Amino acid sequence: MTQPITACFQLDYGVFQLAVDLCLPGSGITVLFGNSGSGKTTLLRCIAGLQRAPQGFLEISGSCWQDSERGVFLPTHKRALGYVFQEANLFPHLTVADNLQFGLKRIAKASRVADLQHILELLGIDHLLKRKPDCLSGGERQRVAIARALALNPEVLLMDEPLASLDFKRKQEILPFISRLHQELNIPVLYVTHSQQEVAQLADTLVILADGRALASGPLSETLSRLDVPLAQDRKAATVWPVTVVEHEAGYHLTRVAFAGGALSLPAVDAAIGTPLRMQIYASDVSIALEAPSATSILNVLPATITGLADDRAGRSVVRLQVGNHALLAHITSKSALLLSLQIGMAVYVQIKGTSILN
Amino acid sequence: MLNPADLGALLLTFKVASISTSLMLLLGTPLAWWLARTGSAWKGIINAVVALPLVLPPTVLGFYLLVLMGPAGAIGKFTSWLGLGTLPFTFAGLVVASVLYSMPFVVQPLQAAFTTIGEQPLEAAATLRASPLDTFFSVVVPLAKPGFLTATILGFAHTVGEFGVVLMVGGNIPDKTRVVSVQIYNHVEALEYSEAHWLAGCLLLFSFTVLLALYTVLKTHPVAHQLK
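Each protein sequence line maps, in turn, to chains A and B.
Counting with numbering that gives the first Met the number 0, you get residues 0 to 358 for the letters of the first sequence.
Counting with numbering that gives the first Met the number 0, you get residues 0 to 227 for the letters of the second sequence.
If you are wondering where the hints come from, they were derived from the structure by calculation, not from laboratory data.
As the structure is a computational prediction, the values presented were derived from the model and not from experiment.
Ideal placement from N, C-alpha and C gives every residue a C-beta, glycine not left out.
According to the in silico footprint, chain A covers these stretches of chain B (three or more CB under 8 Å from chain A): (1) 109-122; (2) 125-132; (3) 135-142.
The calculated lysine to any residue pairs, modelled on SDA-like cross-linking and capped at a C-alpha distance of 25 Å, are: (4) Lys131/A <-> Val139/B; (5) Lys108/A <-> Ser130/B; (6) Lys77/A <-> Thr37/B; (7) Lys131/A <-> Gly117/B; (8) Lys131/A <-> Thr115/B; (9) Lys77/A <-> Ile116/B; (10) Lys129/A <-> Val140/B; (11) Lys218/B <-> His92/A; (12) Lys104/A <-> Val139/B; (13) Lys77/A <-> Phe136/B; (14) Lys129/A <-> Glu122/B; (15) Lys235/A <-> Ser296/A.
Excised from the complex, chain A in its bound form:
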């Protein structure tokens, strides 16, 4: 079921070159992240077969879609994929129902999604079936496009900045659907975006692309905290931890959450005990002490080990720490780093001033 996806492409347009060799997990959401011109959309289009890389090898759940050495190139319409475009790209001459049927009519009954109604309800579009696309809001159109792709029960769902053309409110309306999708449907998702927010909210695996190359690829928290990629230096650098609700301290309006290797107090979260959450910690909200502070207003003080140091030569140090099983980033001043004489391997304490819950 969860065989890895092997994607290897080389393409040369003169001004732009793509050269990637990736092995991606066959489950969960893999975000392809990069600025415009980084090649993330080109990579996705090569995977879909909408663009043909002269040199390429692509294998998804055991079936080979491209192998340029053997001259294999499956045209897009023969690939068992679902594709969601930046613009919903619905057929304007068809109703929502007919848009959904378009792909279904073209595949064998056995390979269709078992419960289309469930998808319609999940995406909240079951009341829109008789409408034409031009009578839908942008968010509704994008949800129909997602349902249309999922109805085919694809081996992989490819999403090319599906939220980029929507305003903030619509984005917040669709994001939860997407993160729920892969939990409920178990289809690997390749998701292209340039938004750090979407990375933090959706990614299980992160691939960072720049100038047509993959700078880093791996599990989200590991990749986010890598000091050799620009993301860690970004002013908004953050790490994301999976946590579980363990206790509500109603009197203090606090919630205790556990992570692999410890527990934290957060402002009250409206979620039942045992609920898994994604918690984001900005590097600028983390400070470092050499000894456990005896009297501090900060509730979350955790023992940590320094695993990496980088200086941006503009007065700021980026420190990578290991807390339990998770990596954490801290942005501190270069002066502090010097005064504390921080070294890789040192045991320290981190104070976390703030966190945010993403789902």
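Assemble the complex: chain A is given as a structure, and chain B must be docked to it using the hints.
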């Protein structure tokens, strides 16, 4: 009133226009599709050749066709070799000439419609398992409906209205090549102004009605080329 010769000319005109329009749609659709999507260096040349009848005097086109389809011309030799005889002054010759002469009126609206549709719906269809041919009929044709409508009506109406090419290639043979425009010319030559009035009035009314219908339909037709 219309005499039997006039009615024969009307009937013949209708026949030529119907057959020519069908042929133009059949040949013009793939041609327009190719022109709308190709990046080939030939595109400019083919575009210019298709548009030539718009600027050439019909007599020039008619003259070359006459020469080419005549017994000494390349096409004429070929049709003779096929055992079909030569085409000038026959109904078939008239249809061939009409198709060439009115082709831009079919190709250009189709090409514009295909270009407007763009790449996106085609890619969406491909990701939904539709083969290119399937996509053409299930997505392109419905989205290009206004283009097909315009092409059909303009192609038909323009064939009905031609004169110069018909006269050069078809001549003036009753029930074979004598179409309405030629018949009107005959009436005027013979100073039969009242007969000419009847036929000319018919053509005027026909052309106006057709164009009015076209513009009304196009105005009310949902704008299909905008992807939502």
